[in-house]
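Chemist: Chain by chain, the residues run as shown.
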Amino acid sequence: MDELDLLKKDWNKKSDSTKISAKEIYAMLHKKSSSIVKTLFYISIGELVFWILINVLPYFFSQAYNNQIDLVYSDKNVLTLINVFSYSIILIFVYLLFKAHKSISVTDNAKKLMESILKTRKIIKYYVLYNLIVASIAMLMGLYFGIKFTPEVSDKLADASSTELFIIYGVCFLMTAIFVLCFWLFYKLLYGLLLKRLNRNYKELKELEV
Amino acid sequence: MNKELEHNFVELLEKHQNIVHKVCRLYTNNYDAHNDLFQEITIQLWKAYPKFRGDAKFSTWMYRVGLNTAITLYRKSKRTINTQDFDGVAFKIKADYYDDTEEQQLKILYQAVHQLNDIEKALVFLYLEDKDYREISETLGISEVNARVKMNRIKTKLKTILNP
Chain X
1 MDELDLLKKD WNKKSDSTKI SAKEIYAMLH KKSSSIVKTL FYISIGELVF
51 WILINVLPYF FSQAYNNQID LVYSDKNVLT LINVFSYSII LIFVYLLFKA
101 HKSISVTDNA KKLMESILKT RKIIKYYVLY NLIVASIAML MGLYFGIKFT
151 PEVSDKLADA SSTELFIIYG VCFLMTAIFV LCFWLFYKLL YGLLLKRLNR
201 NYKELKELEV
Chain H
1001 MNKELEHNFV ELLEKHQNIV HKVCRLYTNN YDAHNDLFQE ITIQLWKAYP
1051 KFRGDAKFST WMYRVGLNTA ITLYRKSKRT INTQDFDGVA FKIKADYYDD
1101 TEEQQLKILY QAVHQLNDIE KALVFLYLED KDYREISETL GISEVNARVK
1151 MNRIKTKLKT ILNP
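Residue numbers (our numbering), protein chains in the order written: chain X, 1 to 210; chain H, 1001 to 1164.
No lab work stands behind these hints, which were simulated from the structure alone.
Please note that the accuracy of each hint is not assured.
[Unchecked claim] With a Cα cut of at most 16 Å, we get these calculated EDC-like pairs of lysine to aspartate or glutamate: (1) X:K112 to H:E1138; (2) H:K1022 to H:D1130; (3) H:K1159 to X:E207; (4) X:K8 to H:E1102.
[Stated by the list, open to error] Examples of chain X residues lying across from chain H (beta carbon under 7 Å, computed): (5) L7; (6) M28; (7) H30.
Remember, it's a predicted structure, so these values are computed and weren't measured experimentally.
Yeah, the Cβ is synthetic: ideal placement off N, Cα and C, and Gly gets one too.
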């Protein structure tokens, strides 16, 4: 006899010793879920808040920062334009994420479900990528303008030799690169751990199709 | 969510809970993990319940949600990979069915099934539940042909695990 048929014969005979009462089920309904989707959603909300705070906090707490900004953006319209642009991008991502999150339905078939979870993940990935690019551009520009518009520093720089200049800009560049790399590694680790099993299962299903 | 809906749901789940227990039995191998997964599936069922229109049988719908939860949503995977402590759960076989060699064989079989991956377990589960290939393919989102091919591969895989 086939091994599985032997198993099948036994499978339905088993009466489960663990019987959960209606009372216990009621209690379970009000407990928290520990699903990947939920965790993904919380993490992405956390990311949004984090990046928004990074953008907004210095504005409120640092007078020097504000002065600097006034210096750099003598034209206020440019600043407003940049802000409107960056916040609308954040809003677009929030909307996409929300939509993707909504479309995850546990009653779909397994493959579709995994696809929609991975799609959600992709949106977060693009959002992170966008942030890293913007952050590195902002950092480089900030350093450049910071140096240019701070009289003490720029005076010193004017006297510096070209090798010294080269080293200073090189260090700036390197710091930005390290910063971006750290973030990237952090995300890689975070999502890698979270989605390892899902990715494996999805691949398994995918392989069936070829 | 209103009380009546909740009441109906609890009643249905209590009646059909065996399905969830069976999913847990395949995907976990200790008491705590079993209960964790049971709870997670219950929560997912409850969340999806308002959308349950009754066009499928409640039990069929439970298969889907239960397996999906086990395959995709449940992330405490550490507990499910370890097959070493499987003996501890010891599937009890009723006294009237007692047969030393068959009992032994079944025990080894269950251990072998536990070594399969999540997708393979889902297929085995549906197979054990007497689902036809059409239903298996619909639940997993693959074609019927693929389901058949995969099932045959699993049978071979089990054979090699059993007779190395």
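Chemist: Now tell me if each hint is right for this structure.
Modeler: Verification of the supplied hints:
Restraint check for K112 of chain X and E1138 of chain H: the C-alpha separation of about 11 Å stays at or below 16 Å, so the hint holds. For a cut-off of 16 Å, the pair hint linking K1022 of chain H to D1130 of chain H stands: about 13 Å separates their Cα positions. Of the pairs offered as hints, the one joining K1159 of chain H and E207 of chain X is violated, with about 22 Å between alpha carbons and a cut-off of 16 Å exceeded. For the hint linking K8 of chain X to E1102 of chain H, the alpha-carbon distance of about 13 Å falls within 16 Å, and the restraint holds.
Interface hint at L7 of chain X: satisfied, since its Cβ lies 5 Å from the closest Cβ of chain H, which is below the 7 Å cut-off. The criterion of a C-beta within 7 Å of any C-beta in chain H is met by M28 of chain X, whose closest approach is roughly 5 Å, and the hint holds. Taking 7 Å as the C-beta contact cut-off toward chain H, the hint placing H30 of chain X at the interface is violated, the least distance being around 9 Å.
The structure is inconsistent with the numbered hints 3 and 7, although it conforms to all the rest.
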